[in-house]
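Peer 1: The listed protein sequences correspond, in order, to chains A, B, C, D, E, F, G and H. Using this note's numbering, the first residue of the first sequence is number 10, and each one after it goes up by one. Using this note's numbering, the first residue of the second sequence is number 10, and each one after it goes up by one. Using this note's numbering, the first residue of the third sequence is number 10, and each one after it goes up by one. Using this note's numbering, the first residue of the fourth sequence is number 10, and each one after it goes up by one. Using this note's numbering, the first residue of the fifth sequence is number 10, and each one after it goes up by one. Using this note's numbering, the first residue of the sixth sequence is number 10, and each one after it goes up by one. Using this note's numbering, the first residue of the seventh sequence is number 10, and each one after it goes up by one. Using this note's numbering, the first residue of the eighth sequence is number 10, and each one after it goes up by one.
Treat the hints with care, as some may be off.
Claimed, not checked - With a straight-line cut-off of 30 angstroms between C-alpha atoms, the simulated DSSO-like cross-links for lysine-lysine are:
id, chain 1, residue 1, chain 2, residue 2
1, E, K138, G, K53
2, A, K148, C, K53
3, G, K53, D, K32
4, E, K82, F, K138
5, E, K153, C, K148
6, D, K53, D, K32
7, D, K153, D, K96
Bear in mind the hints are in silico, worked out from the structure with no lab data behind them. Keep in mind that this is a model prediction, so the values were computed, not measured.
8 protein chains.
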Amino acid sequence: MYTVYLAGEIHSNWREEIITACKDYDVIFLTPEYDHTSSDDIGKNVVGDQENDFYNDHVSAKINSIRNHTYIKQADIVVVKFGEKYKQWNAAFDAGYATALNKKLIVIHPGEFIHALKEIDAAASAVVKSQSQVVDILKHLIRK
Amino acid sequence: MYTVYLAGEIHSNWREEIITACKDYDVIFLTPEYDHTSSDDIGKNVVGDQENDFYNDHVSAKINSIRNHTYIKQADIVVVKFGEKYKQWNAAFDAGYATALNKKLIVIHPGEFIHALKEIDAAASAVVKSQSQVVDILKHLIRK
Amino acid sequence: MYTVYLAGEIHSNWREEIITACKDYDVIFLTPEYDHTSSDDIGKNVVGDQENDFYNDHVSAKINSIRNHTYIKQADIVVVKFGEKYKQWNAAFDAGYATALNKKLIVIHPGEFIHALKEIDAAASAVVKSQSQVVDILKHLIRK
Amino acid sequence: MYTVYLAGEIHSNWREEIITACKDYDVIFLTPEYDHTSSDDIGKNVVGDQENDFYNDHVSAKINSIRNHTYIKQADIVVVKFGEKYKQWNAAFDAGYATALNKKLIVIHPGEFIHALKEIDAAASAVVKSQSQVVDILKHLIRK
Amino acid sequence: MYTVYLAGEIHSNWREEIITACKDYDVIFLTPEYDHTSSDDIGKNVVGDQENDFYNDHVSAKINSIRNHTYIKQADIVVVKFGEKYKQWNAAFDAGYATALNKKLIVIHPGEFIHALKEIDAAASAVVKSQSQVVDILKHLIRK
Amino acid sequence: MYTVYLAGEIHSNWREEIITACKDYDVIFLTPEYDHTSSDDIGKNVVGDQENDFYNDHVSAKINSIRNHTYIKQADIVVVKFGEKYKQWNAAFDAGYATALNKKLIVIHPGEFIHALKEIDAAASAVVKSQSQVVDILKHLIRK
Amino acid sequence: MYTVYLAGEIHSNWREEIITACKDYDVIFLTPEYDHTSSDDIGKNVVGDQENDFYNDHVSAKINSIRNHTYIKQADIVVVKFGEKYKQWNAAFDAGYATALNKKLIVIHPGEFIHALKEIDAAASAVVKSQSQVVDILKHLIRK
Amino acid sequence: MYTVYLAGEIHSNWREEIITACKDYDVIFLTPEYDHTSSDDIGKNVVGDQENDFYNDHVSAKINSIRNHTYIKQADIVVVKFGEKYKQWNAAFDAGYATALNKKLIVIHPGEFIHALKEIDAAASAVVKSQSQVVDILKHLIRK
Chain A
10 MYTVYLAGEI
20 HSNWREEIIT
30 ACKDYDVIFL
40 TPEYDHTSSD
50 DIGKNVVGDQ
60 ENDFYNDHVS
70 AKINSIRNHT
80 YIKQADIVVV
90 KFGEKYKQWN
100 AAFDAGYATA
110 LNKKLIVIHP
120 GEFIHALKEI
130 DAAASAVVKS
140 QSQVVDILKH
150 LIRK
Chain B
10 MYTVYLAGEI
20 HSNWREEIIT
30 ACKDYDVIFL
40 TPEYDHTSSD
50 DIGKNVVGDQ
60 ENDFYNDHVS
70 AKINSIRNHT
80 YIKQADIVVV
90 KFGEKYKQWN
100 AAFDAGYATA
110 LNKKLIVIHP
120 GEFIHALKEI
130 DAAASAVVKS
140 QSQVVDILKH
150 LIRK
Chain C
10 MYTVYLAGEI
20 HSNWREEIIT
30 ACKDYDVIFL
40 TPEYDHTSSD
50 DIGKNVVGDQ
60 ENDFYNDHVS
70 AKINSIRNHT
80 YIKQADIVVV
90 KFGEKYKQWN
100 AAFDAGYATA
110 LNKKLIVIHP
120 GEFIHALKEI
130 DAAASAVVKS
140 QSQVVDILKH
150 LIRK
Chain D
10 MYTVYLAGEI
20 HSNWREEIIT
30 ACKDYDVIFL
40 TPEYDHTSSD
50 DIGKNVVGDQ
60 ENDFYNDHVS
70 AKINSIRNHT
80 YIKQADIVVV
90 KFGEKYKQWN
100 AAFDAGYATA
110 LNKKLIVIHP
120 GEFIHALKEI
130 DAAASAVVKS
140 QSQVVDILKH
150 LIRK
Chain E
10 MYTVYLAGEI
20 HSNWREEIIT
30 ACKDYDVIFL
40 TPEYDHTSSD
50 DIGKNVVGDQ
60 ENDFYNDHVS
70 AKINSIRNHT
80 YIKQADIVVV
90 KFGEKYKQWN
100 AAFDAGYATA
110 LNKKLIVIHP
120 GEFIHALKEI
130 DAAASAVVKS
140 QSQVVDILKH
150 LIRK
Chain F
10 MYTVYLAGEI
20 HSNWREEIIT
30 ACKDYDVIFL
40 TPEYDHTSSD
50 DIGKNVVGDQ
60 ENDFYNDHVS
70 AKINSIRNHT
80 YIKQADIVVV
90 KFGEKYKQWN
100 AAFDAGYATA
110 LNKKLIVIHP
120 GEFIHALKEI
130 DAAASAVVKS
140 QSQVVDILKH
150 LIRK
Chain G
10 MYTVYLAGEI
20 HSNWREEIIT
30 ACKDYDVIFL
40 TPEYDHTSSD
50 DIGKNVVGDQ
60 ENDFYNDHVS
70 AKINSIRNHT
80 YIKQADIVVV
90 KFGEKYKQWN
100 AAFDAGYATA
110 LNKKLIVIHP
120 GEFIHALKEI
130 DAAASAVVKS
140 QSQVVDILKH
150 LIRK
Chain H
10 MYTVYLAGEI
20 HSNWREEIIT
30 ACKDYDVIFL
40 TPEYDHTSSD
50 DIGKNVVGDQ
60 ENDFYNDHVS
70 AKINSIRNHT
80 YIKQADIVVV
90 KFGEKYKQWN
100 AAFDAGYATA
110 LNKKLIVIHP
120 GEFIHALKEI
130 DAAASAVVKS
140 QSQVVDILKH
150 LIRK
């Protein structure tokens, strides 16, 4: 049995593809908050407007880190997807966090990022291009 | 006494500015390899050409990780600089690695990256814009 | 799923407010002993009167530490409330204990303690003024 | 040989008494920043005025935590003094932090705090009233 | 909820007294092998006669250590009883093993052993004379 | 209750003998992938042909390490069998990995390997010749 | 290079024999307090008479534990001697403490204690009868 | 600065080649005992003849493990060489031990062992064929 944390980009529904395909297998999936607006605004909504962009982001990011870091600690395997858009530094941060805790890392990224992601790929147990490859790996790992 | 690892971009000489300014203080500085070409080509040069871009990068990145991960483990404080250019996913990865090992993190980045770096800033003990601010913090920390 | 330890003052029923509001959510709450008299007298009652104020307190505090430290270790998140009265050094001690174990810390305190609690707030993932804000944060963290 | 961190109140020169008395012994002393103003203002001075009391304190406290937490990690023994004045929650926090890391704790406090400090005394290897008692203990520990 | 390992002497049925009294409480009890002959002879019976007293004991003790050390690691609390007879060095060894792993220690021993057991009592969260006192402590710890 | 990982050779069905004999006992068994072809070809099948023997093996071995290392971490006891054939370096590697993580090690090997396996036997809690001896040890360890 | 802690009985000068014989080798020796009276009375002398045998012993034992536990943590190898006299439960406690921290253990004891010390011998890397055997082992370990 | 442990076969002088080539660099080398006879016979010579092949090997292997395991723990990098001859299970065991402790692993082996060593190569930061390649890697890692 494995606990798998699905880190990385939250602008597409790539997690559903993996979770649905593995729904009959003995895998527990953990994820960050999916709802981008809720994730960005939790600080302002609950702690209050900090009247400063840096601190509004800071309060939200600290609250969301409770979920992200706790779930990485609970996981055996961390899957990180790097998509085509955005800086995605949080995805790289989560990959580093997972590596230092000795979690097994699976990285999904398009071929064009080979050079830019070489340090993260070097820490991974598998580097693939698609969600379906992650599903195949998880099904392989769970075989009796 | 502190051991400080200077992670992040290797396209400018920002590290020298900090090291020189602190040269009379009780601080040991550790750095990744500065020489970009040497860093990229170590795999091909020593292990041999893998005849494949992914694996040429992979072999080099794995060898360089010996230095990066060992030095982060030896450090008390990790300073990570995000510059204006490139993906810099390795900088974010090092920040995550350091955080999970409970190292104290200082992040340098221009104001425009506030939103993109919010998860990393949330893990930092200080977020600044310039090397001279890092120098001021280190001098403060080392005061008798 | 999270395990949450509710540390700090035991002179009001603030814990009930959080536990009741989250009763339909996937959160396990752990608490110190609520009954102040039982907590203070466990040493005298079970081990016997030590005929010395320091040792009567000492024996009780050591027995209660079995619960407090064990539950902090079992927790993912530690919520610490600083109320208006008393020294509350045990609350600050628990916050430090939780921080060193890499637990995520949420601190509740009135605005007047901003300066006195700055070191503890600096270690927290969220600083709020009320129990209902903790409830909102926990509900945010548990969202699918 | 021991490394000893002297935590707690910074409003009197109690640390000097211990350091001077042990100057011929094989003990390394580490301390927080002594200069109260420098400690409080480092954030404003280096990172800049946050235009908000909470965040001015926050930035300073986070920078100072680099020193405090790093030095507790480097120490074998942590001495914490609770004086007559102020909340001193940071002293209690440091005691908890040190305890969770399995550091040996020596607590100094006047007799009137027996009940309020019982949880911290319960975690200590020695509870004394004066600096000279700490000196006697350190000299005992270092005997050949 | 607590997991409690009952270490120490196996020549009386003191464990039953605690387990029976707590049978309606949320406590999991773990114990070493009760059957003294089985415990002593497991090596000879399964691995074979080593034709040497030292090695016959050695093989049995190593096999039994699988149970003892694994269960101490699984426990939150370790109760160690020192009875009137025998060397009981294994009980003291288990107490040291548990202490180094930061387990909470409760020691049962008659008053006459105060001086001989002072180092172990110094590491304990409670020192008592009888099983019924352990039961009272466990019931106190499990109170809602 | 114990979790037992059955490491080592995958060319015979020795694991079934242990699992079947213990099926009524409170033991959870974890194993590597049994299917040799699937294990060797997972890289080629899912990540794609690397057009290079070293990298085809490398990709498969890294994916399989997700299972092996995760399960060793989840185990209390690791049983390693060295059979008559093949290099079996992975079995020795798993034994070292388990030892460094403080797992209890049981080694099965024929008498002829006494000298070649002396370093691994030295780290073991039991060294036996057959699966039925492992079954006897597990049944002994699980006795009430 | 090794750091070696010499634990156990303090009623004979067995430590000197080892330290003197290894004085030209690259070994650092750490020891508990040799002076039995000083060791027993440190609590009464420094903290004050507790007017109670248990607490007088308790205060001394806690202070001495600062030395013993700190030095075991600093050591690579722990040598424990069991002599002919006294309970020596502290020696067994130190052996357990060292084992749980993964220190290498060497045990010295006369042949008559084979059965009583079997659990401790089972955790040892060497079991010998004399100090000169320990010297021979250390000299072997330090060979270039 | 790095500490490097040179594990693996002791039948050739491969270690000298690396140590000599790096003698002007800031690298500390640690090694197992080179003298094969001394290594095999230390048990018999110091502890005494166990009158049994298994136990004579066992006593020697346990004493030698003091050196091997202590030095791996002290190392940042572990280099393991697999030569053409012998089982070399101890080399594979050391590689597993180092990997679980998060040490960086460099493996030297001839091309013919690619398949048999795939699990160990998968854990390595570099896989090479010769000592001179290890020297090149170390010189690269130590560059200013």
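Peer 1: Are E:K82 and F:K138 close enough, with their CA atoms no more than 30 angstroms apart?
Peer 2: 28 angstroms, holds
Peer 1: E:K153 and C:K148: Cα distance at most 30 angstroms?
Peer 2: Answer holds: E:K153 to C:K148 is near 24 angstroms, not above 30 angstroms.
Peer 1: Does D:K53 pair with D:K32 here, judged by a C-alpha cut-off of 30 angstroms?
Peer 2: Not OK: D:K53 and D:K32 at ~36 angstroms, beyond 30 angstroms, violated.
Peer 1: Hint check: E:K138 vs G:K53, CA-CA at most 30 angstroms. Holds or violated?
Peer 2: It holds: about 25 angstroms lies between the C-alpha atoms, which stays within 30 angstroms.
Peer 1: Verify the proposed pairing of G:K53 with D:K32, using a straight-line Cα cut of 30 angstroms.
Peer 2: 25 angstroms, holds
Peer 1: For a C-alpha distance cap of 30 angstroms, please report whether D:K153 and D:K96 respect it.
Peer 2: 40 angstroms, violated
Peer 1: For the pair we were handed, A:K148 and C:K53, check the Cα-Cα distance against 30 angstroms.
Peer 2: Given that 30 angstroms is the threshold and the Cα spacing comes to 58 angstroms, the pair is violated.
The structure shown violates the earlier hints numbered 2, 6 and 7.
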